[in-house]
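2 protein chains.
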Amino acid sequence: MYRTHTCGELRVKDVNMTVTLAGWVQTVRKFGAITFVDLRDRYGITQLLFGEDLQAELDANPLGREFVIQVEGFIQERSNKNLNIPTGEIEIQVHKFAILNKSAVPPFTITDETDGGDDLRMKYRYLDLRRNAVKKNLELRYAVSRSTRNYLHEQGFMDIETPFLIKSTPEGARDFVVPSRMNPGQFYALPQSPQTFKQLLMVSGYDRYYQIVKCFRDEDLRADRQPEFTQIDCEMSFVEQEDILNMFEGLVKRIFKDVKNIDYHEKVERMTWEDAMWNYGNDKPDIRYGMKICNIKKPSSVYVNKTDNAALVTGADFKVFDDAETVLAIAVPGCSEYTRKQTDELTEWVKRPQIGMRGLVFIKCNADGTYKSSVDKFYSEERLKAIAEVTNASSGDLILILAGAEERTRKATSELRLEMGKRLGFRKDNEFKLLWVLDFPLFEYDEEGNRWVARHHPFTSPKPSDIQTMINNNPVIEDAAKYLEHPYANIKANAYDMVLNGNEIGGGSIRIYQRELQEKMFAALGMSEEEALHKFGFLLGAFEYGAPPHGGLAFGFDRLCAILGGSESIRDFIAFPKNNSGRDVMLDAPSTIDDKQFDELQIKLDLKA
Amino acid sequence: MYRTHTCGELRVKDVNMTVTLAGWVQTVRKFGAITFVDLRDRYGITQLLFGEDLQAELDANPLGREFVIQVEGFIQERSNKNLNIPTGEIEIQVHKFAILNKSAVPPFTITDETDGGDDLRMKYRYLDLRRNAVKKNLELRYAVSRSTRNYLHEQGFMDIETPFLIKSTPEGARDFVVPSRMNPGQFYALPQSPQTFKQLLMVSGYDRYYQIVKCFRDEDLRADRQPEFTQIDCEMSFVEQEDILNMFEGLVKRIFKDVKNIDYHEKVERMTWEDAMWNYGNDKPDIRYGMKICNIKKPSSVYVNKTDNAALVTGADFKVFDDAETVLAIAVPGCSEYTRKQTDELTEWVKRPQIGMRGLVFIKCNADGTYKSSVDKFYSEERLKAIAEVTNASSGDLILILAGAEERTRKATSELRLEMGKRLGFRKDNEFKLLWVLDFPLFEYDEEGNRWVARHHPFTSPKPSDIQTMINNNPVIEDAAKYLEHPYANIKANAYDMVLNGNEIGGGSIRIYQRELQEKMFAALGMSEEEALHKFGFLLGAFEYGAPPHGGLAFGFDRLCAILGGSESIRDFIAFPKNNSGRDVMLDAPSTIDDKQFDELQIKLDLKA
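If you read the protein sequences in the order shown, they are chains C and F. Residue numbers for the first sequence follow this note's numbering, beginning at 1 and rising by one. Residue numbers for the second sequence follow this note's numbering, beginning at 1 and rising by one.
Hint data in this document are derived by calculation from the structure and do not stem from the laboratory. It is possible that some hints are incorrect.
[As the list claims (entries may be wrong)] The calculated lysine-lysine pairs, modelled on BS3-like cross-linking and capped at a C-alpha distance of 30 Å, are:
id: 1; chain 1: F; residue 1: K604; chain 2: C; residue 2: K596
id: 2; chain 1: C; residue 1: K604; chain 2: F; residue 2: K604
id: 3; chain 1: F; residue 1: K463; chain 2: C; residue 2: K102
id: 4; chain 1: F; residue 1: K377; chain 2: C; residue 2: K463
id: 5; chain 1: C; residue 1: K604; chain 2: F; residue 2: K608
id: 6; chain 1: F; residue 1: K596; chain 2: C; residue 2: K596
id: 7; chain 1: C; residue 1: K596; chain 2: F; residue 2: K608
id: 8; chain 1: F; residue 1: K604; chain 2: C; residue 2: K608
id: 9; chain 1: F; residue 1: K422; chain 2: C; residue 2: K608
id: 10; chain 1: C; residue 1: K520; chain 2: F; residue 2: K123
id: 11; chain 1: F; residue 1: K102; chain 2: C; residue 2: K492
id: 12; chain 1: F; residue 1: K608; chain 2: C; residue 2: K520
id: 13; chain 1: C; residue 1: K102; chain 2: F; residue 2: K492
id: 14; chain 1: C; residue 1: K123; chain 2: F; residue 2: K520
id: 15; chain 1: F; residue 1: K596; chain 2: C; residue 2: K520
id: 16; chain 1: C; residue 1: K608; chain 2: F; residue 2: K608
id: 17; chain 1: F; residue 1: K463; chain 2: C; residue 2: K96
Sequences are here, hints too, so could you generate the full structure?
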C-alpha cells in the first residue's frame, strides 16, 4: 500500500499516529541538521520533518522540486503552526522515505503565480494542471456537472447518448468531417450539436432528455472559442416556453447553491430582444448595473414603436448629429469631474479600431446644476439640460454620446457602457445576475446571399401569432435595400437566451413539430424541397408519425464554468484546450498521417500553393 | 399547460379529480356508442373513455394509432380493472380532446413483439425507440451510468473531460481521422480511448479520474461491434493491483444493487490467465457452472508446469489422438443417455466452419457403471474408466473429446463447453457471476511481422519480477518457429480483466511510470527511438517530471448494459446504433460532402477502381 492517508486530511487529533504518505515535493528547506519538506497531493499539503538521523540518507538521495516520494512517520503537533492551511497544525516526523520517481526541474514554477508564459504552460499542460489555480477550475467544472446531473435527474430527465459520427448538414458549413474507410468516398460529420437527435428522442416519447456532451465546430477561432466544446443539452415534450424558463432557471439556481453557496431566490428578470437592444445595445445585457442607453435619435428603419428624441440634438448646426443615423447616450454616474485628460482618453478609446467611432461627445452634469459639454458652441445650456433629462442623468454624472450608423454606433455604445461599468467597479466577479432575453427575431438578413437565414436554427418555431405571416408571404426579397420592410423582418421566434453577467450562457427555443411548417421554414431559408429531403428527410419523416410539441435549450458548459469561476477565458476551465490555431501544442496535433492511412481512406491531399 | 399529470401516475386515490393528459394513442376500441383509448407516454398507459357525447366529434376527427392527443376529463374507477398495469384501476372520462399531431400508419407495430424487421426498425429508429422493450434498455443504461457516477463520486473520483480531436497514434492503425481546415494537410484523430490523457492526469496529480466517454475505432465491424462505443474510463494514483481490484469490484457490486437489486456479497473470484486458458479454454470463462476442460494431452510447448495425461490416450493405435497436438475433454453432466441422433448432431456442430473440428469422440459413463464410447475399438473399458477419472466425470455423464492443433482445439472445446452450458440451462440471464482474470502475458507474438506486440497496450507494466527479463533480453526473435522459447513469451503483465458471465466487461493494468522502462517497452515493440518520440514524446516528457505510480481500467459500457439487460447485442442498448457496415441507416450517413468542403479542407478523393 502506497499510503495510509492523503496529504490533506491529518489534523491535531491524529497526533502520534504512524502514517504513510505519498505525494510531490513542493518545497525543501534545510535548517542545520533538520530538513522540512512540503508534501503535496490533490488533497492538500502536509509538512514533513526529516531529523538528523536521515540527513546522510538525504544527502545521498537529495530531494528536488516535484520529486514523487513516499514517507513513513508519526504525526506531531507543530511548534510553528501555519493556520492558513487545514493541515498546518501538524507535521510528520519521518522515519523512512523512498523516492518513487525523480523529476527534472520544471520549466516553470508550480505555484498560483507561476513564472510560465502561455505557450510554455500549454506545451507542458500536465505540469500546468498541477497548479492549484487550474485544479480549482477543474474541480469547479466537476461540481457544476454533478449539480446539473443531480437536478436534472430529480426533475425526471434521462441522460441519453447521441452519436458522434453523423451526417454533414447545412447548419453546418463548419462541420468537421471524418472519412469512412468502410464506405470509401463518404464522410461522417462530427455534431455541432445533438439538435436533431434530441428532437427525434422527443418524437420517440422520451419526454425529458439531457446530455453533457462534446460538440464540434470548425470555425476560425477567436480568442475564446474552441473547436471542441461542451454543452449541457436538454429537451422536453409537452411544454410551452414558460415551462422551459422555469425548469432551467431552477437548474442555474441549483448550480449557484451547490457550487457557490449562493441563494438566488429572486425571480429571474425577463426582457424582450428589442428592449435589450434598445436599452443596452446588445442581446446579452449585463444588468448588474443601470447606465441604460438613451436613444436620442433613433434610426428611422427599426424600433418603429419607440420614442424618438432627435429634436433635442438636430437642427443645431451640429453636422455630426444632423447626419448621423442614430445618436446614443449613456449617463455615467459620478464622473462629471473627469479631467480633459480623462475625456481625451475616453475619446481615444472609442476611436480604437475595435470600437471604430470617429469621436465622442460628452456633457458634464456639474454638481452645481450647470452643464458643460464638448459641443457648447452648438448647444445652449438649456438644450444640454433637456438632453440630461432624457438620459436620466443626475447632477454629478457624465453623459457620453456616440453618433453614426446604427449597427456600429449601437455596438460601440454597448461596449462603452460595459467598459465604464468595469472601470467603475459595477461588474463584480462575485455578483451574479441572471436574465432571460425573449422574443428574438426568427430570421436574420444575409446580405451576401440576399436571403433570410435562421437566427437560432431552422427548427425554431415562430411565435404562434406570426405563423400566418410566415406562411402567407413569399420569402423573396425584391429590394435588398428595403429588406427591413419585408414582413419576415418582424417575425418573432419562440426563442430565449439565458444571460449571466453580460454573457450568453444558454439558449433555446420551442421547436417546430409539424411537417408542413418545417417544410415551410426550410423553403423560407431558400432550401429546395429536394435539398430539404436529402438533408433532413429523417426529421421530416419523424414528424409524420406523431411528433409531440417540444422545446429545449443548451447551455455552453465551458463558458458557464468560466463565469462561475470569475474568469473571462474558457480555456482555463478545459483540461486539455487547443490554442487559437486549433492546435494541441502538447500533443503536436493535428499532424500528418501516413501513406497507408491515405491509401485505406482513399483520399489524398490537394494542397493549394 | 399541456398536461397536469403523466399517463403513469394516476391511481384510485385520485378518483374524481379533473386532469389534463397528453400522449400517444396506443389503441382505439369502439364499443357501440363508447370509445376506449389507451393513451401512452414515457411513464405509462392510462385508459380514456370517450362517451356518447363525443362520438360525433370523434367521427369527424378520428383517432389513429400514434396520434398525439390532449384530453381533459375526470378520473373514475374502472369497472373492468386491469391489474397488470399500475394505472389499471382507473380511467379518464373525457370531457374534451384535441389532436396535437396526426400520425401516418407506422411501418411496424409499436409493441414488445413488433412485426418490424431489423432493417425497417433501424430506418425508423425513432419509432423503434418508442417500444417498451427498447425504452427499458435505455432506462437501464441511464441507471447504470447514474449508479457508476454516484459510486465513483463517493470514492473521490473526478469526472474530467479529455479531448476528442487528438493525434493519430499507432495504438492505432484503426484511427478515424479528421482533416483540419485551419492546418491544411494535417489531421486530428478521434481517440480509441483516453489512455494517454488519463495517465497525464495522474502525472498532474488528479489522483482519481473517471469519465463515461465515447471512443472510436475504425475496424471491420463484427456482429456486435460499433465504430463508436462508450467506456467507463478510470485511473488512480498511488495504487497497486489489489487496490484497483477492490475499488472496481465495489463499483460493479454497487451497480448490481442499484440497477438489479442484487446483493452480491461474495468475494469476486480470481483466476490467472493461464488457469483460465487451461480450465476453460479462453480468457473470459463463464464460471456460472463447472464442466472444466480436462487437458488429457497437453501441447508440449506451452503450460510447462501443468500435468499431462497423454499416456491415457496415446499408443492405442488411435491415430487421431496419437497425432494430435492436444486432446481436450469435458464431462457433460447427466447426458450419458444421449441417442445416436444426439451425438451425431453434436458431431455436426463441432464440424461447422465456425468451430472447425474434424470430429468428436464421446464416452458415455452409464448409470450402471459401464462405459460406452465412439472409439471402443481402440480403448478398453478400463482405459475409458481411467479417462473418466481424470475428467472428473460421474456416472450419468457424457464425456466429449476434441483433438487437434492447440489453438483451434482449445477454442473449439471452449465453445462446446459454452454451448452445452447453454443447452443444459446453466447460463441463466438472471444469474451473475464475476471473475477477475489476472497475470496476462505482457506480449503477444505477431506472426506476420515476426515481432512482439503489446497484448493490452504499450503502457502496461510487466510484473515486477519480470522487469529484469524484459530489460536484459533482446526482443529480436531469431527463430520464428521457436518464439515460445523466447524469454518474452513468459513475461507476465500487471494486467487484469473483469469477466461477467463469460464476457469481458472491463480490463486494465498497472502502468509503466518511469521513462526508461517506457522507452524499453517501445523498443521491445520494435519502435525506433525517433518514432517513439514522435508519437509519445509528450508522455515520455511527462514521465520526467515526477510521475506517480498509477493504474486503472476501463469498462465497456455498452456491453455491461447489454449483459445486465440479459441481451447478447450491444446495439439494443444504444439509442442510435450503426449497422454492420458502420452506416446510420436512419440518417443515411456517412454520405458525400460537397466540393466546397473538399476545397476548404484541401483534400480530394482517390478512389480505387
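Checked hints:
Our distance criterion of 30 Å between C-alpha atoms is met by K604 of chain F and K596 of chain C, whose separation comes to about 16 Å. For a cut-off of 30 Å, the pair hint linking K604 of chain C to K604 of chain F stands: about 5 Å separates their Cα positions. Taken as a hint, the K463 of chain F and K102 of chain C pair is honoured in the structure, with Cα atoms around 21 Å apart against an allowance of 30 Å. For the hint linking K377 of chain F to K463 of chain C, the alpha-carbon distance of about 89 Å lies beyond 30 Å, and the restraint is violated.
Of the supplied pair hints, the one linking K604 of chain C and K608 of chain F holds, its CA atoms being roughly 12 Å apart against a limit of 30 Å. A distance of roughly 26 Å separates the Cα atoms of K596 of chain F and K596 of chain C; the hinted pair therefore holds under the 30 Å criterion. Taken as a hint, the K596 of chain C and K608 of chain F pair is honoured in the structure, with Cα atoms around 14 Å apart against an allowance of 30 Å. Between K604 of chain F and K608 of chain C the alpha-carbon distance is near 12 Å, which keeps this suggested pair within the 30 Å criterion.
For the hint linking K422 of chain F to K608 of chain C, the alpha-carbon distance of about 61 Å lies beyond 30 Å, and the restraint is violated. A C-alpha spacing of about 25 Å is found between K520 of chain C and K123 of chain F, which places the hinted pair at or below 30 Å, so the restraint holds. With a C-alpha separation of about 26 Å, the suggested pairing of K102 of chain F with K492 of chain C holds against the 30 Å cut-off. Proximity of K608 of chain F to K520 of chain C is assessed by CA-CA distance (about 42 Å); at most 30 Å being required, the pair is judged violated.
In summary, the hint linking K102 of chain C to K492 of chain F is supported, as the alpha carbons are separated by about 26 Å, within the 30 Å threshold. Using a Cα cut-off of 30 Å, the hinted pair K123 of chain C and K520 of chain F holds, with the two alpha carbons roughly 25 Å apart. At most 30 Å may separate the alpha-carbon atoms for a hinted pair to count; K596 of chain F and K520 of chain C meet this at roughly 26 Å. With a CA separation close to 23 Å, the supplied pair K608 of chain C and K608 of chain F stays within the 30 Å bound.
Between K463 of chain F and K96 of chain C the CA atoms are separated by roughly 25 Å; this keeps the pair inside 30 Å, and the hint holds.
Going through the hint list in order, the structure does not satisfy hints 4, 9 and 12.
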